[in-house]
Amino acid sequence: GQSLEQPSEVTAVEGAIVQINCTYQTSGFYGLSWYQQHDGGAPTFLSYNALDGLEETGRFSSFLSRSDSYGYLLLQELQMKDSASYFCASPTGTASKLTFGTGTRLQVTL
Amino acid sequence: DAGITQSPRHKVTETGTPVTLRCHQTENHRYMYWYRQDPGHGLRLIHYSYGVKDTDKGEVSDGYSVSRSKTEDFLLTLESATSSQTSVYFCAISEDGNQPQHFGDGTRLSIL
Numbered sequence: 001g002q003s004l005e006q007p008s009e010v011t012a013v014e015g016a017i018v019q020i021n022c023t024y025q026t027s028g029f030y031g032l033s034w035y036q037q038h039d040g041g042a043p044t045f046l047s048y049n050a051l052d053g054l055e056e057t058g059r060f061s062s063f064l065s066r067s068d069s070y071g072y073l074l075l076q077e078l079q080m081k082d083s084a085s086y087f088c089a090s091p092t093g094t095a096s097k098l099t100f101g102t103g104t105r106l107q108v109t110l
Numbered sequence: 001d002a003g004i005t006q007s008p009r010h011k012v013t014e015t016g017t018p019v020t021l022r023c024h025q026t027e028n029h030r031y032m033y034w035y036r037q038d039p040g041h042g043l044r045l046i047h048y049s050y051g052v053k054d055t056d057k058g059e060v061s062d063g064y065s066v067s068r069s070k071t072e073d074f075l076l077t078l079e080s081a082t083s084s085q086t087s088v089y090f091c092a093i094s095e096d097g098n099q100p101q102h103f104g105d106g107t108r109l110s111i112l
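These protein sequence lines are chains A and B, in that order. Here the working numbering is used: the first residue of the first sequence is 1, the next is one more, and so on. Here the working numbering is used: the first residue of the second sequence is 1, the next is one more, and so on.
No wet-lab data here; the hints were simulated from the structure. Predicted model, so just to flag it, every value in this text is computed and none were measured. C-beta atoms are modelled at their ideal positions from N, C-alpha and C, and glycine is treated no differently. Among the clues, some could well be false.
Said to hold, decoys possible - Only pairs whose alpha carbons sit at most 25 Å apart, straight line, appear in this in silico SDA-like list of lysine to any residue: (1) B:Lys11 <-> B:Val88; (2) B:Lys57 <-> A:Thr57; (3) A:Lys81 <-> B:His102; (4) A:Lys81 <-> B:Arg108; (5) B:Lys57 <-> A:Gly28; (6) B:Lys11 <-> A:Pro7; (7) B:Lys57 <-> A:Thr92; (8) A:Lys81 <-> A:Gly40; (9) A:Lys81 <-> B:Val88; (10) B:Lys11 <-> A:Gly40; (11) B:Lys53 <-> B:Leu75; (12) B:Lys57 <-> A:Phe45; (13) A:Lys81 <-> B:Gln37; (14) B:Lys11 <-> B:Asp105; (15) B:Lys70 <-> B:Thr26; (16) B:Lys11 <-> A:Asp39; (17) B:Lys57 <-> A:Tyr30; (18) A:Lys81 <-> B:Thr26; (19) B:Lys57 <-> A:Gln25; (20) B:Lys57 <-> B:Ser110; (21) A:Lys81 <-> B:Lys53; (22) A:Lys81 <-> B:Pro100; (23) B:Lys57 <-> B:Pro18; (24) A:Lys81 <-> B:His41; (25) B:Lys11 <-> A:His38; (26) B:Lys57 <-> B:Lys70.
Unchecked claim - Selected chain B positions facing chain A (Cβ under 8 Å, derived; list incomplete): (27) Gly40; (28) Leu45; (29) Gly58.
Generate the whole structure from the sequences, applying the supplied hints.
In structure tokens form, the structure reads like this:
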């Protein structure tokens, strides 16, 4: 089976940098994805790390260390619109089925 | 945005009644998924499909069945709804089973 652990809540100031961590235990590993979900909305894909290292997409970056069973999402130059829940997720088995972490609620304040 | 439509968007029904949720896609993607989202649990996979008439169980499949008779439609059925199935249900699609998955806007289902 798979389990992914994330902090439940994080608060940060507008313009700052915040890191959301995800640790996982898996019976097989096919990479780590990150999804954003605003209240009342649908999850939207942010990034995917199949291999170790850093992936950068604009203000968002994601990092993976398979030896440490650990990844993180880094959000820079925080904006109020970044207030949302962020989920790490990992494909299971045949790489078709996602197992999600319980999510981290990010609150961006002035 | 990926063309995914879920219907209905909201539904209230009574315990013991059958309920069918529909997911319709216009992207011709091979893979389709049904998730439920509950506070404290994140999203959990119910069933998924890897082609027409090809489906498999997910993490929380008990009490649910699915059908996919056409590429574009994936139906989720609760044969006899229970209060524990009150949840927000999301459909997702994937072109080839890899990342990313694209999600519909969800169906809020309340079972009284």
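A quick look at each hint next to the structure:
| no. | hint | result |
| --- | --- | --- |
| 1 | B:Lys11 <-> B:Val88 | holds (10 Å) |
| 2 | B:Lys57 <-> A:Thr57 | violated (33 Å) |
| 3 | A:Lys81 <-> B:His102 | holds (20 Å) |
| 4 | A:Lys81 <-> B:Arg108 | holds (24 Å) |
| 5 | B:Lys57 <-> A:Gly28 | holds (18 Å) |
| 6 | B:Lys11 <-> A:Pro7 | violated (32 Å) |
| 7 | B:Lys57 <-> A:Thr92 | holds (12 Å) |
| 8 | A:Lys81 <-> A:Gly40 | holds (14 Å) |
| 9 | A:Lys81 <-> B:Val88 | holds (23 Å) |
| 10 | B:Lys11 <-> A:Gly40 | holds (16 Å) |
| 11 | B:Lys53 <-> B:Leu75 | holds (11 Å) |
| 12 | B:Lys57 <-> A:Phe45 | holds (23 Å) |
| 13 | A:Lys81 <-> B:Gln37 | holds (22 Å) |
| 14 | B:Lys11 <-> B:Asp105 | holds (14 Å) |
| 15 | B:Lys70 <-> B:Thr26 | holds (11 Å) |
| 16 | B:Lys11 <-> A:Asp39 | holds (19 Å) |
| 17 | B:Lys57 <-> A:Tyr30 | holds (19 Å) |
| 18 | A:Lys81 <-> B:Thr26 | violated (29 Å) |
| 19 | B:Lys57 <-> A:Gln25 | holds (21 Å) |
| 20 | B:Lys57 <-> B:Ser110 | holds (23 Å) |
| 21 | A:Lys81 <-> B:Lys53 | violated (41 Å) |
| 22 | A:Lys81 <-> B:Pro100 | holds (22 Å) |
| 23 | B:Lys57 <-> B:Pro18 | holds (20 Å) |
| 24 | A:Lys81 <-> B:His41 | holds (24 Å) |
| 25 | B:Lys11 <-> A:His38 | holds (21 Å) |
| 26 | B:Lys57 <-> B:Lys70 | holds (19 Å) |
| 27 | Gly40 | holds (6 Å) |
| 28 | Leu45 | holds (5 Å) |
| 29 | Gly58 | holds (6 Å) |
Violated hints, in rising order: 2, 6, 18 and 21; the structure is consistent with all others.
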